Amino acid sequence: MGLHLNLLHEEIQQQRDRQRDPLKIGMMVLAGIGALLFLYYGWNAYRTIEIKSRFANVDREWTKIEPSVTAAQKRADELTGIIKTTRVLDQYIDSRFFWGPLLQKIARCIAPNAQLTSFQGALLEDNKSIGVSIEGVAAGREPRAVAEDLRQMLLEQLGQSYSDVKIEFKTLEDLDTIVNISGSNMAMAHYALTITFNQNPPVKPAASPAKSKK
Amino acid sequence: MKKLNLRKDQIQKIGLSLMGFVFLLYVYFSFFLGPLNRSRNATLQAMSDRQAKLSSSKDDLTRAATLERDAKNATTRYAALRALNPEGAPIAWFPPRVKVFFANEQLDKAVARLEGSGSLKQSELSGWAKYQWAIDLPQADYATLGKAIADLENAEPLLTITRLTISTLPDQPQYQQVDLRVANVIQKK
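Protein sequences, first through last, are from chains L and A. Using numbering that gives the first Met the number 0, read the first sequence as starting at 0 and increasing by one per residue. Using numbering that gives the first Met the number 0, read the second sequence as starting at 0 and increasing by one per residue.
Any given hint could be a false lead.
[Stated by the list, open to error] Calculated pairs, DSSO-like style, for lysine-lysine (alpha carbon to alpha carbon, straight line, at most 30 Å):
| no. | chain 1 | residue 1 | chain 2 | residue 2 |
| --- | --- | --- | --- | --- |
| 1 | A | LYS188 | L | LYS51 |
| 2 | A | LYS129 | L | LYS127 |
| 3 | L | LYS104 | A | LYS52 |
| 4 | L | LYS23 | L | LYS104 |
| 5 | L | LYS104 | L | LYS83 |
| 6 | L | LYS127 | L | LYS73 |
| 7 | A | LYS146 | L | LYS83 |
| 8 | A | LYS146 | L | LYS127 |
| 9 | A | LYS120 | A | LYS187 |
| 10 | A | LYS52 | L | LYS63 |
| 11 | A | LYS108 | A | LYS98 |
| 12 | A | LYS120 | A | LYS57 |
| 13 | L | LYS23 | A | LYS57 |
| 14 | L | LYS63 | L | LYS51 |
| 15 | A | LYS146 | L | LYS165 |
| 16 | L | LYS23 | A | LYS7 |
| 17 | A | LYS12 | A | LYS108 |
These are calculated hints, taken from the structure and not from any lab test. Note that the structure is a prediction, hence the values are computed from the model and not measured.
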């Protein structure tokens, strides 16, 4: 067997060391990971650019439509305000109390021998109730009865149009004065009536249910 | 298992490589991928907002068109109510108007005075104010007065008579003296 001498042992060892150099291997690994990361970054950048492009389209569309939308919103708000205001104003108008018909009813109730000297009326409680006080003189053989007739007449007439009608004598007193009506002397009485009622029409009683045939 | 024998300089090199790796990751996430992701997320959020606005804008346009159609009566009525009162301060035009109105009803010498004004409690009427007036009619007969009041209530829908006092004149019992307190709703201009 021949003797084999490896004279290049050190050189080979150095070459092996160079090949197994951890720094070199590390740099290669780093370069590999760097390349992967770069690719991943590129993919993300592409997606971002694509999203930004879509956003630009949407934004362009919005910019085009925005003035008309803003105007429409403003107009809608304005119209809503007008509708609400008109509704409230209509409620205000509808809830008013009309004095003309009341004066007419009172005029119809006053007989020739029951003179009215004073009328005071006012809205009470948020326009729902009305308070009226009237004063006058009544003449007749029984002046108090004339005044009472007037009260009854008012009760009947006002009860047809208004609800919760209450009419009470505040004062009713005989006067010493004698008045001549149609040639006959009659005694007089001074009356003061207090009237309260609700302007809503009276509630009519519900019709009784029909009896079922047996 | 073969034991990995590393020399000191090799261990240093491995450590150096690991440090480089960590530094690379830090730079990558902090200065490249992080900002990119943040920018993408912000764009996505903005796009989502825009798309929501776009879809709601179509509803808004439809709603406004429908409202415009439906509110035709209300707008006409509103315009009519606004037109009831002229421009300018009510104190300037209301008393002469009342005087002319009652003169046309055969009731002369009507005098209107401003008693006060204030806001209305309804929030919808924030642009409107309530004016309280006192109207004196020194001489009127009952029938003419009743007709005049009825005409006034019909002609002025935003006017409410809050108090009415009628008393006979001592020397002329066929005539009455009238004191009216009215409230008028007028748009602030």
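Each hint, compared with the structure:
Among the hinted pairs, LYS188 of chain A with LYS51 of chain L is inconsistent with the structure: their alpha-carbon atoms are about 50 Å apart, more than 30 Å. In summary, the hint linking LYS129 of chain A to LYS127 of chain L is supported, as the alpha carbons are separated by about 18 Å, within the 30 Å threshold. Between the alpha carbons of LYS104 of chain L and LYS52 of chain A the distance comes to roughly 62 Å, so the proposed pair goes past 30 Å and is violated. Among the hinted pairs, LYS23 of chain L with LYS104 of chain L is inconsistent with the structure: their alpha-carbon atoms are about 117 Å apart, more than 30 Å.
Distance check on the hinted pair: LYS104 of chain L and LYS83 of chain L sit about 36 Å apart at the alpha-carbon level, beyond 30 Å; violated. The hinted pair formed by LYS127 of chain L and LYS73 of chain L fails the criterion: a straight-line CA distance of about 37 Å is larger than 30 Å. The hinted pair formed by LYS146 of chain A and LYS83 of chain L fails the criterion: a straight-line CA distance of about 33 Å is larger than 30 Å. Restraint check for LYS146 of chain A and LYS127 of chain L: the C-alpha separation of about 23 Å stays at or below 30 Å, so the hint holds.
At roughly 15 Å between alpha-carbon atoms, LYS120 of chain A and LYS187 of chain A fall within 30 Å of each other, so this suggested pair holds. As the CA atoms of LYS52 of chain A and LYS63 of chain L are separated by approximately 13 Å, the hinted pair is consistent with the 30 Å bound. A C-alpha spacing of about 7 Å is found between LYS108 of chain A and LYS98 of chain A, which places the hinted pair at or below 30 Å, so the restraint holds. Restraint check for LYS120 of chain A and LYS57 of chain A: not satisfied, since their Cα atoms lie roughly 36 Å apart, outside the 30 Å limit.
As the CA atoms of LYS23 of chain L and LYS57 of chain A are separated by approximately 63 Å, the hinted pair breaks the 30 Å bound. Taken as a hint, the LYS63 of chain L and LYS51 of chain L pair is honoured in the structure, with Cα atoms around 18 Å apart against an allowance of 30 Å. For the hint linking LYS146 of chain A to LYS165 of chain L, the alpha-carbon distance of about 26 Å falls within 30 Å, and the restraint holds. With a C-alpha separation of about 16 Å, the suggested pairing of LYS23 of chain L with LYS7 of chain A holds against the 30 Å cut-off.
Taken as a hint, the LYS12 of chain A and LYS108 of chain A pair is broken in the structure, with Cα atoms around 115 Å apart against an allowance of 30 Å.
This entry does not satisfy hints 1, 3, 4, 5, 6, 7, 12, 13, 17, going by the numbered hints stated previously.
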